[in-house]
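Chains as they are written, first to last, in this note's numbering: chain A, 1 to 136; chain B, 1 to 136.
Check each hint, because a few of them may be wrong.
Derived DSBU-like pairs (lysine-lysine); straight-line CA-CA distance at most 30 Å [what the hints assert, rightly or not]:
| # | chain 1 | residue 1 | chain 2 | residue 2 |
| --- | --- | --- | --- | --- |
| 1 | A | LYS12 | B | LYS70 |
| 2 | B | LYS70 | B | LYS12 |
| 3 | A | LYS70 | A | LYS12 |
| 4 | A | LYS70 | B | LYS12 |
Distance windows between CB atoms, simulated [stated by the list, open to error]:
| # | chain 1 | residue 1 | chain 2 | residue 2 | range |
| --- | --- | --- | --- | --- | --- |
| 5 | A | GLU53 | B | GLU44 | 38 to 46 Å |
| 6 | A | GLY75 | B | GLU50 | 18 to 26 Å |
| 7 | B | GLY121 | A | GLU37 | 46 to 54 Å |
| 8 | A | ASP39 | B | HIS62 | 19 to 27 Å |
| 9 | A | GLY121 | B | GLU37 | 19 to 27 Å |
| 10 | B | ARG112 | A | GLY31 | 22 to 30 Å |
| 11 | A | ARG112 | B | GLU37 | 21 to 29 Å |
| 12 | A | GLY108 | B | SER133 | 29 to 37 Å |
| 13 | B | PRO20 | A | SER4 | 17 to 25 Å |
| 14 | B | GLU50 | A | ASP76 | 40 to 48 Å |
| 15 | A | SER133 | B | SER4 | 38 to 46 Å |
| 16 | B | ASP39 | A | PRO80 | 18 to 26 Å |
| 17 | A | ASP120 | B | ARG112 | 37 to 45 Å |
| 18 | B | GLU33 | A | GLY31 | 34 to 42 Å |
FYI, nobody ran anything at the bench for these hints, they're computed from the structure.
Yeah, the Cβ is synthetic: ideal placement off N, Cα and C, and Gly gets one too.
Number of protein chains: 2
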Amino acid sequence: MAESYSVVPIGKVRSALTDPADAPRQGRDTGTEATLEIDPAYAEALSGIEENERLLVVCWLHLAGRGRLKVNPRGDPASPARGVFATRSPLRPNPFAIYTVELLEVRGTSLRVRGVDAVDGTPVLDIRPHRPSLDG
Amino acid sequence: MAESYSVVPIGKVRSALTDPADAPRQGRDTGTEATLEIDPAYAEALSGIEENERLLVVCWLHLAGRGRLKVNPRGDPASPARGVFATRSPLRPNPFAIYTVELLEVRGTSLRVRGVDAVDGTPVLDIRPHRPSLDG
Numbered sequence: 001m002a003e004s005y006s007v008v009p010i011g012k013v014r015s016a017l018t019d020p021a022d023a024p025r026q027g028r029d030t031g032t033e034a035t036l037e038i039d040p041a042y043a044e045a046l047s048g049i050e051e052n053e054r055l056l057v058v059c060w061l062h063l064a065g066r067g068r069l070k071v072n073p074r075g076d077p078a079s080p081a082r083g084v085f086a087t088r089s090p091l092r093p094n095p096f097a098i099y100t101v102e103l104l105e106v107r108g109t110s111l112r113v114r115g116v117d118a119v120d121g122t123p124v125l126d127i128r129p130h131r132p133s134l135d136g
Numbered sequence: 001m002a003e004s005y006s007v008v009p010i011g012k013v014r015s016a017l018t019d020p021a022d023a024p025r026q027g028r029d030t031g032t033e034a035t036l037e038i039d040p041a042y043a044e045a046l047s048g049i050e051e052n053e054r055l056l057v058v059c060w061l062h063l064a065g066r067g068r069l070k071v072n073p074r075g076d077p078a079s080p081a082r083g084v085f086a087t088r089s090p091l092r093p094n095p096f097a098i099y100t101v102e103l104l105e106v107r108g109t110s111l112r113v114r115g116v117d118a119v120d121g122t123p124v125l126d127i128r129p130h131r132p133s134l135d136g
């Protein structure tokens, strides 16, 4: 399975969070607000986005390590180590974050959202409507 | 934003579905069963996975086109075209599928699941527990 695929950032997270150590464990717990600055080349791909109250946003956690197979849940060394696929740790072979967010405002190709706890500059890879019947 | 990142398959979908044209529009609608054959190199990363009834599974839709910015919803030419980020179309710049699945059985590094409608051979990129408080 040596084959790999390339993912292309479609934009970046703009956030007051700059240090991963300051990031809350899960954005939705805390209501963190952030702006998704989408590359104007993808403006047309955003057509109709404003009709959605909730979105799934996929980010690439470019600062996260990829080599771990086990982690201590919640970073607590006292917790027994678990396989990364049995956790929501950012440390995983493909360090995606998948956020369920509230869409607060659309201004051109900038989307103001609540529920992304990634640090400023984190690449955004995908946006799609959240569907409770599929995702809930 | 010319920078790109590499994603590495951690396994493959084994399914009776072989032609994307036969794939139901959304796996969860139909209860499609499939097996995720995870590369034994990631066996340790699956430790504890059996404790989860529901998982999020990220696949890479390797057969999907990436160049479209707008699509006709549900492939219906009569539907007004919408931006791909305002749809769940597989045609998107980074063709991820994100499935919420039921975990039916774990056998070694093979996971039998309900809710993946990707064709046989589709690369699997990530698995994590579904958390209603985060994903619902």
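Checked hints:
1. A:LYS12 <-> B:LYS70: Holds, at roughly 21 Å.
2. B:LYS70 <-> B:LYS12: The hint holds at about 29 Å.
3. A:LYS70 <-> A:LYS12: The hint holds at about 29 Å.
4. A:LYS70 <-> B:LYS12: Given that 30 Å is the threshold and the Cα spacing comes to 21 Å, the pair holds.
5. A:GLU53 <-> B:GLU44: 38 to 46 Å: holds (40 Å)
6. A:GLY75 <-> B:GLU50: 18 to 26 Å: Hint holds: Cβ distance 23 Å, inside 18 to 26 Å.
7. B:GLY121 <-> A:GLU37: 46 to 54 Å: Between B:GLY121 and A:GLU37, where Cβ atoms are some 36 Å apart, the hint is violated.
8. A:ASP39 <-> B:HIS62: 19 to 27 Å: holds (24 Å)
9. A:GLY121 <-> B:GLU37: 19 to 27 Å: Violated, since A:GLY121 and B:GLU37 (Cβ atoms, about 36 Å apart) do not stay within the stated range.
10. B:ARG112 <-> A:GLY31: 22 to 30 Å: violated (37 Å)
11. A:ARG112 <-> B:GLU37: 21 to 29 Å: Because 41 Å falls outside the window, the suggested range is violated.
12. A:GLY108 <-> B:SER133: 29 to 37 Å: holds (32 Å)
13. B:PRO20 <-> A:SER4: 17 to 25 Å: Given a distance of about 22 Å, which is inside 17 to 25 Å, the answer is holds.
14. B:GLU50 <-> A:ASP76: 40 to 48 Å: violated (22 Å)
15. A:SER133 <-> B:SER4: 38 to 46 Å: violated (33 Å)
16. B:ASP39 <-> A:PRO80: 18 to 26 Å: Given a distance of about 24 Å, which is inside 18 to 26 Å, the answer is holds.
17. A:ASP120 <-> B:ARG112: 37 to 45 Å: holds (41 Å)
18. B:GLU33 <-> A:GLY31: 34 to 42 Å: With Cβ atoms ~38 Å apart, the hint holds.
Figure legend: structure checked against the earlier numbered hints; hints not met, in rising order: 7, 9, 10, 11, 14 and 15.
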